[in-house]
Amino acid sequence: MTSLFRALNAELLKLKRTLAFRVIFVLPFLVALLQFFIVWRTKSFGPKFNLWQTLPTNSLQVWAVFMMPLLITLETALLNGIEHSDKQWKHLFALPIPRHSIYFSKLVVAQGLILVSTIVLAVLTVLVGVAATYMKPDLASEGPIPYVWIAKQTAYVWLASWLIIAIHTWISMRWSGFAIALGAGIGGTFFALFAACASVGKYYPWLLPMNIFIEGRFTAALLLGIGGGIVASLLGCFAFVRRDVA
Amino acid sequence: MENCLIETRGLTRRFGQQLAVNNVNLSVPAAGVYGFLGPNGAGKTTAIRMLLGLIRPNAGEVRLFGESLNGNQRTLMRRVGALVESPSLYPHLTGRENLEVTRRLLGAPRHLIDLALETIKLTKDAGRCVREYSLGMRQRLGLGVALLNKPELLILDEPTNGLDPAGIHEMRDLIRRLPNEFGVTVFLSSHLLGEVEQTASHIGIIHEGSLLFQGTLGELQSKQQTRLTVGVKQIDEAIACLASAGWDVQRVDGLLSVSARAPQDAIEINRLLVERRFDVFHLSLAQASLEDIFLTLTKRPA
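Chains as they are written, first to last, in this note's numbering: chain A, 1 to 246; chain B, 1 to 302.
Chain A with its partners taken away, still in its complex shape:
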């Protein structure tokens, strides 16, 4: 356990001045900006419109189906890219620290960055909502902000993304090229965008965060996201530990 904390501690220092760190603020900002424009440009909201339900749901859905997989692709590729660039793996593996600690520190940092980014999105979304009540006074009567509900949805989306994070961590550790990671990310997201309605979509890794919002898929999304994520992480760790370092 000490060695995992040491590895995590080292990982945090490596984030300094990196794109990997900045991106976790940029992407949620873009999604929030989109929501802001939607609220701003919408002439009239239907009678059934509920600001504090629709806005966070929209925001998180756009996030879940598109931005988040993109972010995961980027983050894992960047986090592991800094180890490929100067062949740092050989240095790390020659240190008196178990390889599984190095592996899990990478995985946990990736998960952490995705979590922070998703929280940033939730906070920005609430701010957009507050701004909306000022811009459109008829929305002001929507009642108190459901913080707990928003927090839960945020957490669910993140938990459902564990499997994607595990898959991408494995890919970006295994191959040094950015192109392979990017290809996998684009491919995964591409099918997710168009296969959401297909019945296999229930089990498709890149759709799990989105499935949180789809009736009848919630439980499967959470179970597969967390369980699949853990299994895939353990398999990835197993491969990583046994690897020859060229």
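These are calculated hints, taken from the structure and not from any lab test. Hints are supplied without guarantee of correctness; some may be wrong.
[As the list claims (entries may be wrong)] For each label pair, taking beta carbons as the anchor points, the in silico distance ranges come out as:
#	chain 1	residue 1	chain 2	residue 2	range
1	B	Arg128	A	Val116	23 to 31 angstroms
2	A	Arg242	B	Gly162	25 to 33 angstroms
3	A	Ala220	B	Arg79	44 to 52 angstroms
What you are looking at is a predicted structure, and each value in this text was computed from that prediction instead of being measured. Idealized CB from N, CA, C, for every residue including glycine.
Chain A is fixed; fit chain B onto it per the hints.
Only chain B this time, still in chain A's reference frame:
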């Protein structure tokens, strides 16, 4: 062998059909610099990767500090510092931060960073990003990272590769100081004999995966052939005379070349020729360079 920091027995590693390292038995004594010499592609890096547990041997065993590497890797690696090929650095971090990354991984005390920076003479530039460093500075920082935890054994793979003459000189100086000032044993690989000759006390020569020679620098030098070149007017008669006296003699460019072991031989040969009334006008003794030994050793079919 007693007091061996590195010992390998029958170390073998194959890549597909190719034997990269073939039944290598290294014994690296404590203290001093061990030069691991071989042409490019001889298997040096593969052997070093096995010493560090980066790749597994197909056969044989690595023992460090008298203990098998297998299963003890973590405890043994605490006592080892390594710089394999190019230094593994994070260009977006400063020199100090790069040391800090490894320090955090090791859980080592903070003051070791300043100590390492001082040793590699980078204190002044410690706050600059590594991407602004010259190749020589990077290599020194890589050495600093390897030295951070005060290792007893330092494994350096081609530490002067790609450096300019000034960088090579700096690096060599640093490596030479290490055994005395820090009590660390250095295992150093190189394809340059001159490099090893100037720093190492012990030498191992590897070629096509096999260890051809292992011993002290003195032992290697004693394998050197000395040749005596003699200039004499009556050349054919002189050849007959020396040959009949039992010397191995050849005619080279109008001079005689006699295989001799020591200056004493030169004295005897000269006396013999002068006593037989030959007109000797040239006498010189030349040692075959280590380069020649190296070439002779590595030309031998493995």
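Hints, one by one, checked against the model:
Our hint of 23 to 31 angstroms for Arg128/B and Val116/A holds, since their Cβ atoms are close to 29 angstroms apart. The hinted range of 25 to 33 angstroms is satisfied by Arg242/A and Gly162/B, whose Cβ atoms lie roughly 32 angstroms apart. Between Ala220/A and Arg79/B, the C-beta spacing of about 51 angstroms keeps the proposed range 44 to 52 angstroms intact.
Hint compliance for this structure: every hint is met.
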